[in-house]
Amino acid sequence: MPRSKPLIPSAINDQRVASCWEAFICQESSPSDVVRQVIWQSWLRCRTSEVNPALQVAPVIDSKQLLTARCQQAETLLGAARPVMSLLREVLRESGSMIMLADADGMILDQHGAHRARQAGEQVNLAPGGLWTESLIGTNAIGTAIATRQSVQIHANEHYCLDIKQWTCAAAPIFDPYSQALLGVIDLSGRKETFHGHSLGLAIAAARQIECTLLQQAHTLNQRLLELFTLAFNQYRNDCLLLFDRHGRLLKQNGKLHEARQQHGVSLLHDGNWYLPACNLGNPAELRQQQAPAWLQQGWVQSLQEKGQQLGSLLIIPLRQAGTPIKPARPAPPQQAADSFDAIIGSSAGLHATRHQARRLAALDLPVLLLGETGVGKELFARAIHQSSGRATAPFIALNCGALSRDLLASELFGYVDGAFTGARRGGMPGKIEQADGGTLFLDEIGEMPLEVQPHLLRVLEDGRLVRLGDRHERQINLRLIAATNRDLQAEVASGRFRNDLYHRLCVSSVLIPPLRSRKQDIIDIIAHLDAQFSRKYGTAGKRLGEGVMEVLTRHDWPGNVRELRNVYEMLFALCDGACIELAQLPQNLLAGSTTQGIQTDSKLHQESRLDAVERQAIERAIAQSDGNLSRAARSLGISRSTLYSKLAGIRGSSKAVRKD
638 MPRSKPLIPS AINDQRVASC WEAFICQESS PSDVVRQVIW QSWLRCRTSE VNPALQVAPV
698 IDSKQLLTAR CQQAETLLGA ARPVMSLLRE VLRESGSMIM LADADGMILD QHGAHRARQA
758 GEQVNLAPGG LWTESLIGTN AIGTAIATRQ SVQIHANEHY CLDIKQWTCA AAPIFDPYSQ
818 ALLGVIDLSG RKETFHGHSL GLAIAAARQI ECTLLQQAHT LNQRLLELFT LAFNQYRNDC
878 LLLFDRHGRL LKQNGKLHEA RQQHGVSLLH DGNWYLPACN LGNPAELRQQ QAPAWLQQGW
938 VQSLQEKGQQ LGSLLIIPLR QAGTPIKPAR PAPPQQAADS FDAIIGSSAG LHATRHQARR
998 LAALDLPVLL LGETGVGKEL FARAIHQSSG RATAPFIALN CGALSRDLLA SELFGYVDGA
1058 FTGARRGGMP GKIEQADGGT LFLDEIGEMP LEVQPHLLRV LEDGRLVRLG DRHERQINLR
1118 LIAATNRDLQ AEVASGRFRN DLYHRLCVSS VLIPPLRSRK QDIIDIIAHL DAQFSRKYGT
1178 AGKRLGEGVM EVLTRHDWPG NVRELRNVYE MLFALCDGAC IELAQLPQNL LAGSTTQGIQ
1238 TDSKLHQESR LDAVERQAIE RAIAQSDGNL SRAARSLGIS RSTLYSKLAG IRGSSKAVRK
1298 D
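Going by the working numbering, the first residue of the sequence shown is number 638, and it counts up by one from there.
Treat the hints with caution; some may be incorrect.
[Claimed, not checked] Simulated crosslink set (DMTMM-like; lysine to aspartate or glutamate; CA at most 25 Å straight-line):
| id | residue 1 | residue 2 |
| --- | --- | --- |
| 1 | K1174 | D979 |
| 2 | K1174 | E1219 |
| 3 | K1157 | D1100 |
| 4 | K1157 | D1194 |
| 5 | K1069 | E1111 |
| 6 | K1157 | D1138 |
| 7 | K1157 | E1010 |
| 8 | K889 | D979 |
| 9 | K889 | E1010 |
| 10 | K889 | D1100 |
| 11 | K889 | E864 |
| 12 | K829 | E727 |
[Stated by the list, open to error] Here are the simulated distance ranges between beta carbons:
| id | residue 1 | residue 2 | range |
| --- | --- | --- | --- |
| 13 | D1214 | D1100 | 56 to 62 Å |
| 14 | L1088 | S772 | 32 to 38 Å |
| 15 | Q664 | Q854 | 44 to 50 Å |
| 16 | D1138 | E1111 | 18 to 24 Å |
| 17 | R653 | Q947 | 17 to 23 Å |
| 18 | D1214 | E864 | 56 to 62 Å |
| 19 | D1100 | E1016 | 24 to 30 Å |
Keep in mind the hints are simulated off the structure, nothing from the lab. Since the model is a prediction, treat every value here as computed from it, not as a measurement. Just so you know, even glycine gets a beta-carbon here, dropped at the ideal spot from N, CA and C.
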């Protein structure tokens, strides 16, 4: 009988194992005590699979694209394995060995170790892209560990295929910490002369460390999902809420599953964990009705993402209350959502995907963080989300955190009572948070918020209670927060300029708005929209674009994004006396090339401080139309009077008298 023990092969018996293998291939032998049972059983599987023992190399995926795609699919596993592999790299380099990570299909994804070992491995495709299942290349540590779901060490002649017998290898399987599904294999390999009895123990230790890292990551993600579930609990208190992780496993429910079973026939399966059958909740966009149970409606599934990472899904099942008709779980009518997002102009794929994501988030009463460069339209997205939500009939209150000093921001945000400070309005004043009660508070440039103000905002978001400046009385607040920034808040957290706890409270869900330079095909649509808008504003017919004008407009990089395009086109529209905007009327910085390269060809522009010709002309025209009244001019420009003063101070030669009243 073949030996079930020991786990570690004996190098001394290698020649006897070779003799047994030759007899096995010739079908002249019965089980021998020289060959370990795990090896004998593997040889039998190879014979059943008709593996050619004369194979010289393993098959390989020669498409870099396919290998990259497989690595992306296994990014979580790779991320957990990299620290372990890096730690062992130097040790294995000195021993002439290498460490590899393979996925559950036996494809090698990553490899580190001795250069000579890696070079030799490439000769048999023991390298990234190589496929090392038993059915393809016979007995080997990776394939046998996958077949048996056990750790195994295989030495020299224990391999099934002739040219692989020059190798010694040890492998340990890596399992999902919750489902125990096989995720991959960690393998230590080298030429047979590098054999060491401790290799298997090292592989097992590495696999267990990777599993611990995966468990910690899964625990962190699940905690984040539970936080999101808590935020959604109050909004959908009359519905059945089921929270699933990205693998479709049930994490939490709000106690109404029995009612959902009675009203909708909801059923879950159980294999140690409750899960949703025949449905990919990890990516609701790919949910197919023919694969889903009959009771499941796609509109009930809400994807939960953070920083582009799929965390899981929230299943919102509407329940009929006694004496009332059943209501949909989503509070916002679909037509309203579509109409509100129509104000965001553009048909590019990037903008379409962003609109789609924002529209889905609008239905969830969760905080949203809008990310994007200055001028991309973050407030436009914020208003669209508000108008598409269940709070559409309540106030939308906006505040720019970067436009106010610390003290003024605090009073504007939290409000104050009578006598709170010198100059306080008699009777006090409600702050923006209080004004947004029941509706949506939009905090633009949240990254500019002073560190001293941040904990007070965090308390409001966590407790739903507000205390005005100078007051002791707590006011109950119920609002949705939408924040926006053009800063990297993670970098701000790392540098100590932004609180980590506030960042995580804000970044429940995020939307990255693409810059205009990445979607230049939208410029045509935006120009058409602006032309109609300015035609109504100025009471004139629309304008045509002369030859070459659109080419210049689409060539420009628009560092100020849609806001810059709007300002430039309004100036062109307003100053154009005819029906056609000609190339010669365009600002010099557009004609000279992209402003992002910092090229200024007009010497007069170079001398005029930082105020470019477009801005200067618009300001001078507004002042002229307002008969020198700066208040009216500022209103027509859409800026504050103080901002207009500062801009005028930068214009040389603007010494003519103007009225400030």
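Verification of the hints:
Proposed proximity of K1174 and D979 is supported: the alpha carbons are some 20 Å apart, at most 25 Å. The straight-line distance between the Cα atoms of K1174 and E1219 is roughly 21 Å, inside the 25 Å bound, and the hint therefore holds. For the given pair, K1157 sits about 44 Å from D1100 by alpha-carbon distance, which is inconsistent with the 25 Å threshold. Simply put, K1157 and D1194 have alpha-carbon atoms about 9 Å apart, close enough for the 25 Å limit, and the pair holds.
With a C-alpha separation of about 16 Å, the suggested pair K1069 and E1111 falls inside the 25 Å cut-off, and the hint holds. A C-alpha spacing of about 37 Å is found between K1157 and D1138, which places the hinted pair above 25 Å, so the restraint is violated. This hinted pair checks out: K1157 and E1010 have alpha carbons roughly 15 Å apart, not beyond 25 Å. Only pairs whose Cα atoms come within 25 Å are accepted, and K889 paired with D979 is rejected, the gap being roughly 36 Å.
Taken as a hint, the K889 and E1010 pair is broken in the structure, with Cα atoms around 37 Å apart against an allowance of 25 Å. Between the alpha carbons of K889 and D1100 the distance comes to roughly 22 Å, so the proposed pair stays at or under 25 Å and holds. Annotation: proposed proximity of K889 to E864 holds, straight-line Cα distance about 11 Å (limit 25 Å). Proximity of K829 to E727 is assessed by CA-CA distance (about 19 Å); at most 25 Å being required, the pair is judged to hold.
In this structure the supplied range 56 to 62 Å holds for D1214 paired with D1100, their Cβ-Cβ distance being about 60 Å. Take L1088 and S772: their Cβ atoms lie about 60 Å apart, and the range 32 to 38 Å is violated. Evaluation of the 44 to 50 Å hint for Q664 and Q854 yields a pass: the beta carbon distance comes to about 49 Å. Between D1138 and E1111 the CB atoms are about 20 Å apart, so this pair conforms to the stated range of 18 to 24 Å.
Between R653 and Q947 the C-beta distance comes to about 53 Å, which lies outside the given range of 17 to 23 Å. The hinted range of 56 to 62 Å is satisfied by D1214 and E864, whose Cβ atoms lie roughly 59 Å apart. Hint check: D1100 to E1016, Cβ distance near 27 Å, so the stated range 24 to 30 Å holds.
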